[in-house]
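Using the sequences plus the hints, can you model the full thing?
Number of protein chains: 2
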Amino acid sequence: MFGAIEAGGTKMVCGIGMETGEIIRHTSIPTTTPEETMARIFEFFAGESIEALGVGTFGPVDLDPDSDTYGHITTTPKVRWANYPLYETLKSHFGVPVILDTDVNGAAFGEMKFGGAKDVSSCVYMTVGTGIGAGAVIDGELVHGMGHPEMGHILVRRHPSDDSNGVCPYHGDCLEGLASGPAIEARSGVKGHLLDETDETWDIEADYLAQALMNFALIIAPQRIILGGGVMKQQHVFPKVREAFKEKLNGYIQNQYVDNVETYIVPPTLGDFAGLKGALALAIYKEDIHHARR
Amino acid sequence: MFGAIEAGGTKMVCGIGMETGEIIRHTSIPTTTPEETMARIFEFFAGESIEALGVGTFGPVDLDPDSDTYGHITTTPKVRWANYPLYETLKSHFGVPVILDTDVNGAAFGEMKFGGAKDVSSCVYMTVGTGIGAGAVIDGELVHGMGHPEMGHILVRRHPSDDSNGVCPYHGDCLEGLASGPAIEARSGVKGHLLDETDETWDIEADYLAQALMNFALIIAPQRIILGGGVMKQQHVFPKVREAFKEKLNGYIQNQYVDNVETYIVPPTLGDFAGLKGALALAIYKEDIHHARR
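Taken in sequence, the protein lines are chains A and B. Counting from 1, position 185 in the first sequence corresponds to residue 185 in the UniProt record's numbering; the numbering is continuous, with no gaps. Counting from 1, position 83 in the second sequence corresponds to residue 83 in the UniProt record's numbering; the numbering is continuous, with no gaps.
Read the hints as simulated data drawn from the structure, not as lab findings. Heads up, some of the hints might be wrong.
Put simply, identical chains are the same to the list, so a pair is met inside one copy or across any two.
Said to hold, decoys possible - Capping the alpha-carbon separation at 27 Å, the derived lysine-lysine pairs in DSS-like fashion look like this: (1) 78 <-> 248; (2) 118 <-> 233; (3) 91 <-> 113; (4) 91 <-> 286; (5) 233 <-> 91; (6) 286 <-> 113; (7) 191 <-> 286; (8) 118 <-> 286.
Pasting the structure below:
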């Protein structure tokens with residue numbers, strides 16, 4: 001048995017699962033104070049014998065194995081969690097390997113092991129919701145360099161019909177600033193799910209997402225791109241994104257993956273369990289890097 | 001002893017080197033017809049006993065290990081080399097493992113093993129010259145997904161003072177279309193090395209390069225970025241690129257790497273030997289993936 005936690009800013013989803021990827025039981029705990037939330041997490045796992053614990057967490061989180069604050073939540077606006085030693089707290093409570101990564105890296109890894117990227121060796125998982133984030137798996141390994149990727153903040157070109165300001169507090173009109181849920185609402189005055197499918201906002205949205213996917217395809221060359229998150233529950237956006245992606249790339253990359261754009265840019269197959277199964281996959285397949293290096 | 005070939009569109013640099021990275025002897029052969037060029041390469045290596053051969057090649061090149069045309073140069077405008085079976089030709093002649101990668105992946109790997117990225121575990125190497133290309137090493141491994149990255153063609157935002165068309169035959173005003181050597185010449189009417197340091201073209205150039213580096217930093221989070229190629233021999237461009245990079249990122253990533261931008265964005269330390277030493281590093285440290293999988 002393995003433990004899994006999808007640690008989010010509004011809720012913590014906890015589960016016990018098996019090597020096959022099957023979740024045996026799970027629960028959802030609201031994210032309040034660290035003390036209260038962690039106590040309820042420990043309660044869920046009480047009496048269970050787990051070999052390892054996988055955690056896909058909200059962030060930003062320090063994932064530099066050489067850092068003294070490895071596994072700390074860092075500068076989150078959720079002030080009670082700022083600088084919280086998540087890794088150490090879990091590690092000292094459970095006494096088993098704890099494999100910590102970002103929520104999106106977890107989701108990317110889960111789709112690779114149990115979901116829509118099982119048949120390939122590289123993928124990008126991008127979530128488009130309140131924020132935009134993405135994780136990448138290359139040759140079966142999660143991409144980490146100086147920390148975790150922050151793909152939501154890449155620069156995109158303005159769509160000619162878009163005169164909104166962009167909502168990113170750091171960059172204004174970066175990808176997240178122009179294409180996240182709040183950006184859609186800022187532009188159109190209503191939440192995305194209330195907008196008609198024919199609203200021009202969706203063409204603008206597809207244009208920005210396609211620019212990001214083109215850059216991902218050129219920079220890390222994933223064999224599949226999975227788009228999840230609240231905004232992507234609007235299934236009608238997928239064909240628009242695929243069309244814009246093909247148009248922008250203009251035949252520059254041609255291979256069995258990109259040529260079949262319907263299977264190249266896809267929704268998650270793990271659905272609402274993507275995060276939890278991703279954390280489970282971390283527990284099963286990854287090493288506790290920090291522990292090993294100490 | 002190991003063999004190394006930096007296979008370029010205008011010349012082939014061949015070398016014999018040691019595990020330490022030292023090149024014992026080397027030569028440069030003009031790239032003419034495949035028959036003539038390969039005969040001269042074989043002549044250079046005649047009588048040498050090499051354990052493996054590393055090759056950093058121009059492209060595009062098929063690097064999909066499952067492809068029937070693995071190691072073929074594909075759609076190059078150098079028509080005599082189009083569809084040339086480079087890997088097979090070398091493999092059958094030398095009978096040793098042949099490790100083939102792109103020139104920029106080779107250079108990135110060489111800087112990682114013998115050069116300016118020896119002290120870190122991830123880097124991007126970008127060359128800015130007749131074209132723009134980049135290679136990436138993450139956790140010591142070269143990034144390959146559905147093929148090799150084609151980072152030169154990512155999308156950038158127009159600099160407000162730039163009304164040039166962009167020279168990329170595929171995308172017009174992608175990064176390569178706006179920031180390669182020919183793009184500089186198309187914009188200013190003269191070759192870059194003839195332009196004064198104070199010419200506004202350099203501010204435009206730095207802006208585009210900084211956008212690309214920001215996207216690399218956010219997408220693959222390398223611990224160091226190395227900029228080589230003919231255009232980057234203009235050393236005065238480096239401070240401009242660093243300044244623009246910091247300004248655009250606006251403090252969003254803060255860590256020991258990015259905070260010290262003078263050591264984050266740097267010239268190659270292997271100089272004119274970057275390509276050859278990169279090929280040597282491939283021979284020493286990498287496996288012949290294609291051979292192993294057959």
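Structure-based check of all given hints:
no. : hint        : in the structure
1   : 78 <-> 248  : between (38 Å within a copy, 25 Å between copies)
2   : 118 <-> 233 : within (22 Å within a copy, 44 Å between copies)
3   : 91 <-> 113  : within (24 Å within a copy, 35 Å between copies)
4   : 91 <-> 286  : within (15 Å within a copy, 36 Å between copies)
5   : 233 <-> 91  : neither (35 Å within a copy, 50 Å between copies)
6   : 286 <-> 113 : both (11 Å within a copy, 26 Å between copies)
7   : 191 <-> 286 : neither (38 Å within a copy, 51 Å between copies)
8   : 118 <-> 286 : both (16 Å within a copy, 26 Å between copies)
In the structure shown, a violation is registered for the earlier hints numbered 5, 7, in ascending order.
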